[in-house]
Each structure stands twice: as structure tokens, then as C-alpha cells.
Amino acid sequence: MKKILINILIILAIVVACDIIAGFVGNKMLMSTPEVGTLQADAYQAMFKKKADVLILGSSRARHTYIPSLITDSTGLTAYNAGYDGHGMNYALIVLQSFLERCKPQVVVLEACAAMVTDEWLNNSIDDVKHFYGLNKPLTNYVKEYGTWQLQAKLHSNLYRLNSTPTWMVKARTLPSRDCDGYEPQYGNLADTAIINFNDFKTNEIQVKCFEEIIETCNRNNIELLVYIAPSLEVTAKFQEWMKEFCHEKDVILKDYGCDKFLFSNRHQYFNDSDHLNDLGARILTNNTIKDIKCLTISR
Amino acid sequence: MLINSIGFWIFFVVVFLVYYLIRNHRWQNAWLAITSLVFYGYVSLKLLALFVVIIAIFYGLALGVEKKSKNSPSIVKWLKVTGVCAGIGVLIYFKYLNFFISEFSSLLTSIGFTVNTGTLNIIAPLGISYFTFKLISYIVDVANGKIQAEHDAVKFTAYVAFFPTLMSGPIDRATTFLPQLEKARKLLPSNLSDGSLRILWGFFMKACIADRIAPYTDAIFNNMSHHNASSIALASVLYLIQMYTDFAGYSHMAIGVGRLLGLTVTENFKQPFFAVNGGDFWRRWHMSLSFWLRDYIYIPMGGSRCSKLRSYFNVMVTFIACGAWHGANWTYIIFGAHHGLWVIASRIMKVPREKLEAKYESLKHYTWFKSLRIAISFVVCCIGAMYFRANSISDIIVAWRKWLSSDWGMPYLQATVPLFTFGFLSFLVMIYKEHQDEYHGKAHFMYSSSRAMRLACIAMTIVFIILTGALESNSFIYVQF
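Protein chains in written order, with my numbering: chain A, 5 to 304; chain B, 7 to 487.
It should be emphasised that the hints constitute simulated quantities derived from the structure, not laboratory data.
These numbers come from a predicted model, not from an experiment.
Some clues are possibly wrong.
[Claimed, not checked] Derived DSS-like pairs (lysine-lysine); straight-line CA-CA distance at most 25 Å:
| no. | chain 1 | residue 1 | chain 2 | residue 2 |
| --- | --- | --- | --- | --- |
| 1 | B | Lys276 | A | Lys6 |
| 2 | A | Lys259 | A | Lys206 |
| 3 | A | Lys206 | A | Lys158 |
| 4 | A | Lys254 | A | Lys206 |
| 5 | A | Lys7 | B | Lys192 |
| 6 | B | Lys276 | B | Lys192 |
[Stated by the list, open to error] Listed next, with one range per pair, are the computed distances between beta-carbon atoms:
| no. | chain 1 | residue 1 | chain 2 | residue 2 | range |
| --- | --- | --- | --- | --- | --- |
| 7 | A | Lys108 | B | Phe22 | 23 to 33 Å |
| 8 | B | Tyr48 | A | Asn193 | 48 to 58 Å |
| 9 | A | Asn270 | B | Phe105 | 14 to 24 Å |
| 10 | B | Val385 | A | Leu179 | 35 to 45 Å |
| 11 | A | His272 | B | Ser108 | 30 to 40 Å |
A virtual CB, placed ideally from N, CA and C, is assigned to each residue, including glycine.
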């Protein structure tokens with residue numbers, strides 16, 4: 005039994021040594037992630053590097069819909085799209101707070117969808133950026149406030165924090181560096197515009213709190229907040245009603261293209277798939293967003 | 007509370023510590039029975055009472071069988087039939103009744119009757135397929151005089167409800183498990199190290215291979231009509247690997263937990279990817295189920311000690327039962343029939359193969375000939391895996407239509423970087439280990455004779471799992487059965 009205990013101690017010592025080395029090397033590599041346009045590399049840019057006058061937040065529906073270069077060309081304001089596939093309000097809040105540590109945007113465009121305020125993406129958002137735990141203050145604070153005790157315990161391990169990181173890190177280092185604005189165009193064309201209705205909708209307390217905190221942060225910092233619901237053929241009517249009420253209650257501007265009857269309805273040529281616009285559709289929606297941004301910035 | 011969750015391990019540590027503080031085997035059994043029932047109640051409190059009632063019925067039936075075995079063989083026979091029917095009845099009610107109702111309803115609809123039967127709101131008890139098979143084999147073995155009925159209700163409960171194997175097997179036999187509960191279990195260093203290594207290897211298979219593959223196979227099989235033939239073929243290959251690593255991973259962990267408690271749990275897998283034909287495959291794959299089916303369905307039907315045609319019929323019935331055991335869906339029946347046909351084909355091919363080997367003696371020794379047989383077996387298993395994973399028969403038709411058409415192109419490879427890097431690397435490690443186990447015995451990696459090598463391998467496996475494994479999984483394929 006004594007021999008086994010010694011063996012266990014040796015194994016533990018090796019694992020702890022690997023954990024420390026992995027943490028040191030991992031942090032060095034993470035903080036020098038090149039700008040290559042992959043999701044994780046863009047998350048690094050959004051959380052640590054980029055500065056912009058117009059900040060776009062949201063999920064894949066933001067990432068594939070709002071074109072920062074168009075906004076810059078039309079308004080003269082720098083813009084950055086920080087949308088991340090499958091991420092909710094909690095991620096949007098972390099990015100906003102991270103931005104505020106570097107600069108103060110004039111306008112925040114928040115693209116909202118049902119999954120962002122339900123528990124569907126609650127864990128994805130943290131799981132995909134957990135490698136920045138301890139490096140990014142807003143993320144660390146979020147985990148301390150809302151993370152489960154299991155997650156907090158596991159994040160003491162560098163190995164756990166860096167879980168799956170090597171794959172995207174290697175990929176990011178093999179791709180050519182380029183200036184990215186976070187927008188990722190899609191060029192598909194949907195054949196049919198049949199609407200899919202979803203009835204299930206139940207908000208998640210944490211996601212709603214994060215949404216409230218985004219609104220409060222914008223108000224506190226005198227940032228104009230525009231909440232959008234981009235066109236989609238996947239309709240959750242209950243969510244749209246909830247958003248309408250919530251934004252009305254919080255006195256936030258909401259532009260709901262989910263109920264659009266004029267620009268996008270029955271126009272399959274604007275859709276890449278049932279929930280995302282293609283580049284053509286994205287240009288039309290971005291031009292409309294530009295009008296709203298202009299109205300807001302002129303009134304300032 | 008799955009075996010790979012933090013909750014399970016906290017629970018296990020408590021069980022483990024108290025278990026070894028108790029020196030008396032009766033109290034150890036009582037502790038096992040209580041904690042197993044607590045475990046069951048935690049996962050499914052509503053059905054705990056039903057579970058206890060089922061255990062009590064079989065306990066009583068076995069005592070009745072034993073009491074009447076000397077003077078009333080006909081009553082013994084009736085009690086045995088009652089036990090078997092009760093086990094099957096429970097299975098049918100909880101797993102298949104809704105399926106029968108809906109199939110009957112659609113049959114009536116197809117011949118012109120308008121019916122609206124609806125379905126019953128039935129929740130199947132956790133691990134029903136596993137514990138009913140344990141109980142059926144127990145009552146049959148008692149009636150056949152293979153074992154004596156267990157008089158100690160606590161010990162019997164500890165056997166049936168043994169928590170590591172409750173959710174997903176292996177299906178332990180009373181003949182091998184109950185005798186282990188007759189003496190006190192001591193904490194032995196060999197059990198501690200063997201058990202821990204099995205658990206670690208199980209984690210590796212589950213987190214680094216099965217859960218890396220799952221997102222890909224889910225993407226393809228949940229949307230089959232949108233993918234081309236090569237994507238479906240790749241997904242079928244990957245699903246076979248996922249099925250194996252998921253289930254074998256669970257089995258390793260369950261066996262490891264059993265070993266830590268000083269108990270030997272039945273082995274469930276023995277390098278199935280090195281099988282050379284259908285029969286060989288089923289002697290290596292889900293062994294606790296396949297041997298159960300052999301002993302309690304195939305052999306009682308006459309086995310192979312009858313005409314060839316009759317034995318083929320027996321094989322088909324056994325394998326269709328094997329498919330049906332997995333669940334109420336025609337896809338499982340097709341899976342069973344596919345494997346049944348393969349076993350029959352392997353038997354038919356045995357004579358010409360042996361003639362060929364006799365004619366060309368060297369063929370027996372050629373690695374390529376064996377490799378060819380292994381490769382053919384692997385392809386047949388991949389097709390079986392597709393049947394198993396397909397959501398419906400129409401999906402199976404879609405797959406075959408695509409395979410037989412010219413819809414072959416580049417497979418879908420999006421969002422698969424971790425699968426084709428870490429997952430593939432882990433798979434190679436696993437295949438290397440299995441190859442060594444198959445042909446050279448256990449003397450590698452974590453079992454190396456060199457202490458330094460052994461400890462380094464164990465530590466590196468832990469590091470590799472934490473760094474590259476898919477750690478947030480909350481399901482096992484075979485828990486649903």
C-alpha cells in the first residue's frame with residue numbers, strides 16, 4: 005500500500021508539473037494569437053485587442069449579418085463585429101466589458117435571438133473562451149459570479165482551462181495573418197422560404213441578468229444601444245413578444261426584422277439558410293442599421 | 007448521475023471509504039445494497055419503489071422454486087415460466103407497449119380504419135434492460151439447479167442493484183457475482199491499481215474518442231438526406247468507433263469501480279475490431295449480452311445441435327431478440343437481423359474457407375488473409391452501425407439510395423478539427439493498445455513492467471485526457487437502453 009501511495013504522489017507531481025508548464029506556455033501562446041479570422045482568434049481580438057466606435061455583439065446571426073466596413077464607409081466611424089456562433093448574452097456582456105477596458109464605443113448594436121436569452125447557449129459561451137479565464141478580467145469575474153462550483157474548481161487547472169485549445173491555436177498559426185473586422189460573409193442561397201415556427205421559449209435568469217447589465221453598462225457609459233432581431237425563417241413568436249416588452253420596459257430601441265413584411269419576406273435570395281442572411285441580405289440589413297446609427301450619432 | 011460526472015465520484019468516494027471501514031461482509035453487502043438503492047433513487051426516485059418490488063418478486067420466486075425443486079418439478083417449471091414472463095412482461099410494458107400501440111394503429115390506418123389510439127405516458131425505469139436480464143437468468147439458473155436460491159435478501163439486492171453496472175451493464179450473472187459477496191472484501195493494492203487503471207482507460211476512450219466523434223455523427227445522422235454518400239459512409243465508420251469507445255469506456259469504468267470495491271465484474275469487450283467473422287465478433291462485442299442470449303435463447307432453442315436450417319433459424323431469432331433488446335424501433339430489429347445474417351453467412355463460408363486453407367496451407371499463416379477477413383468484418387459492422395444509429399427506416403433507405411447512386415463526393419468535414427486531430431490520435435493509441443492486447447498480452451503503456459514507464463504513461467494519459475478530451479459530455483449511448 006505504501007508503494008501505491010508513493011506512485012500516486014509521483015503521478016500527481018508529474019501532472020501538476022505538466023499543468024504549470026501548460027499554463028505558462030499556453031498563456032504565452034494565447035496572448036500572441038494572430039489575427040486570422042477564425043472564431044477563436046476573433047474572440048481573442050474582441051476580448052483583448054480591438055477598438056471601435058461601433059461595436060456589434062451577438063451570435064452567428066450577428067457575425068454573418070452586420071458588415072463593419074460598410075458602416076465605416078458610410079459613417080466614418082470605426083466598427084467591429086464581435087458576434088460569435090452559438091453564444092448568448094453572457095458572452096456579449098463579457099466582450100462589452102472587455103472593450104470598455106480599452107475604449108468606449110459610441111454605439112453598440114446587439115443582435116438578439118431566442119437562444120441568447122434562454123439556457124441553450126449558457127454554457128457554450130463560457131466553455132469556448134474558458135482558456136482566457138484568469139487573463140480576461142470580465143470573464144474571470146463572470147465565472148466567479150455565475151459559474152457553478154464545479155466549473156470554478158475545474159478552472160483551477162491550467163490543463164482544463166486549455167482543453168481543446170491546441171487544435172485551434174495550431175490552426176490559427178498556420179493560416180495567413182490578415183486584418184479582420186469580425187464579419188464573415190456567407191454566399192449560399194436558400195431555395196425555399198417556408199417559415200418554421202418554434203413554440204418553446206423560456207428565459208434563463210443569468211442570460212436576462214446579463215442582458216440587463218449590458219443595458220445598464222451602456223446607459224452608465226453614455227453608449228447608444230440598438231437592439232436588433234435580424235430576419236429569420238425560424239420564428240419564435242413568444243421571444244419576439246418578450247423582447248418587445250422587455251425593451252419597452254428598459255427604454256431601449258428595438259428593431260425587429262423577425263416580423264419584417266417588406267424587405268426580406270419571401271425573398272429567399274437574401275438567405276443563406278433558414279436562420280442566417282447571405283452577403284446580399286447582410287448588405288441590405290447593414291444599410292438599414294447605418295441609417296439608425298446615423299440618426300443616433302447626429303442626435304448626440 | 008453518470009459514471010463520468012463529478013457527482014458520481016463524490017458519491018463513490020463516500021461509498022468506498024465506509025465500505026472499507028466495515029470489516030464484516032454482511033454489513034459490506036448491506037452498505038452496497040443501501041447505496042445502490044440511494045443511487046437509483048437519486049436518478050429516478052419515482053421508480054425506486056417499483057424497482058424494489060421487482061427485486062422482491064424475483065427473490066420470492068427463486069425461494070419458491072428452491073422449496074418445490076425436490077418434490078414438485080411441474081410447479082418449479084411454472085414458477086420458472088412465471089419469472090421469465092414477469093421479466094419479459096416488465097420489459098414489454100415499459101419499453102415496447104407504446105411502440106406496439108403506434109405500430110398497430112398505423113397498421114389499422116393503412117388498411118382503411120381510422121383510429122386514434124394515442125400513446126401511454128410510460129417512463130421506463132433506469133437500467134430496465136439490464137436488471138430484467140439479470141433477474142431472468144437468475145430465476146432460470148435456480149430452476150435449472152445451476153445455483154441455489156439466495157436466502158439473504160440484502161445480498162440479493164446488492165447483486166441486482168449493484169450501482170456501477172446498474173445503468174449500462176455489464177450484465178453480471180448470479181453464478182459469478184453472488185459468491186463474491188460471501189466473504190469480506192479487503193482493500194488490496196492490486197485491486198486499487200487495476201481498478202484505477204481500468205477507470206482511467208475508460209475515461210480516455212469516452213472523452214478522447216467517443217465524445218470527439220459524437221458531434222460529427224450527430225450532424226450527419228440527424229440530417230441524413232442533406233448529406234452525400236461519402237459523408238454517410240464516413241459517419242457510419244465513425245459511429246462504429248463511437249459506439250465501441252462509448253460503451254467499452256463505460257464498461258471499463260464500471261469494471262474498474264467494481265474492482266476498487268473488491269468485486270470482479272464480467273468483461274464486456276475483447277478487442278472486437280480484430281474479429282474475423284460474425285461469430286468471432288459477437289464473442290468479443292457486448293459479451294455479457296451475447297453470452298446471455300446464447301445461454302438463455304439460442305441454446306434452449308436447440309443451438310447448433312440440430313439441422314443446419316434450424317440452427318440458422320435459431321441464430322436469426324437470437325439476433326432479432328438482440329436487436330429488439332436495444333429498444334422499440336425497427337432500426338434495431340434491422341440491426342439484429344443484419345448481424346444474424348452475417349453470423350449465418352460466416353457459418354456457410356466456414357466450409358469453403360477451410361477447404362481453401364487446406365488446399366493452400368500457407369494461407370493460414372498469411373497476415374494479409376487475416377487482415378482481409380478483419381477488414382470485411384469491419385465493413386459489415388460499419389453497415390450495422392448505420393442501421394443502429396439511423397433514426398428511422400426511411401433514413402436507412404436514404405443511406406442505401408445514396409450509397410448505390412453516384413452521390414459520392416467530398417465528405418462533410420466542417421467543424422471537425424478536434425475529431426480529426428485529437429480524436430484520430432487517440433484512436434491510433436487505442437488500436438495500438440488493442441493490437442498489443444490481442445497478439446502480445448498486456449505489457450504496454452500503463453501496464454509496462456518498467457515502473458518509470460508505467461507512471462509516466464499514467465500521468466501522461468491523465469494530462470492528455472484533461473487537455474484534449476471532450477469533458478462536458480452528459481450521456482452514454484447504452485444508458486438509454
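- Any hints from earlier that this structure breaks? Give me their numbers in increasing order, please. 1, 3, 6, 7, 9
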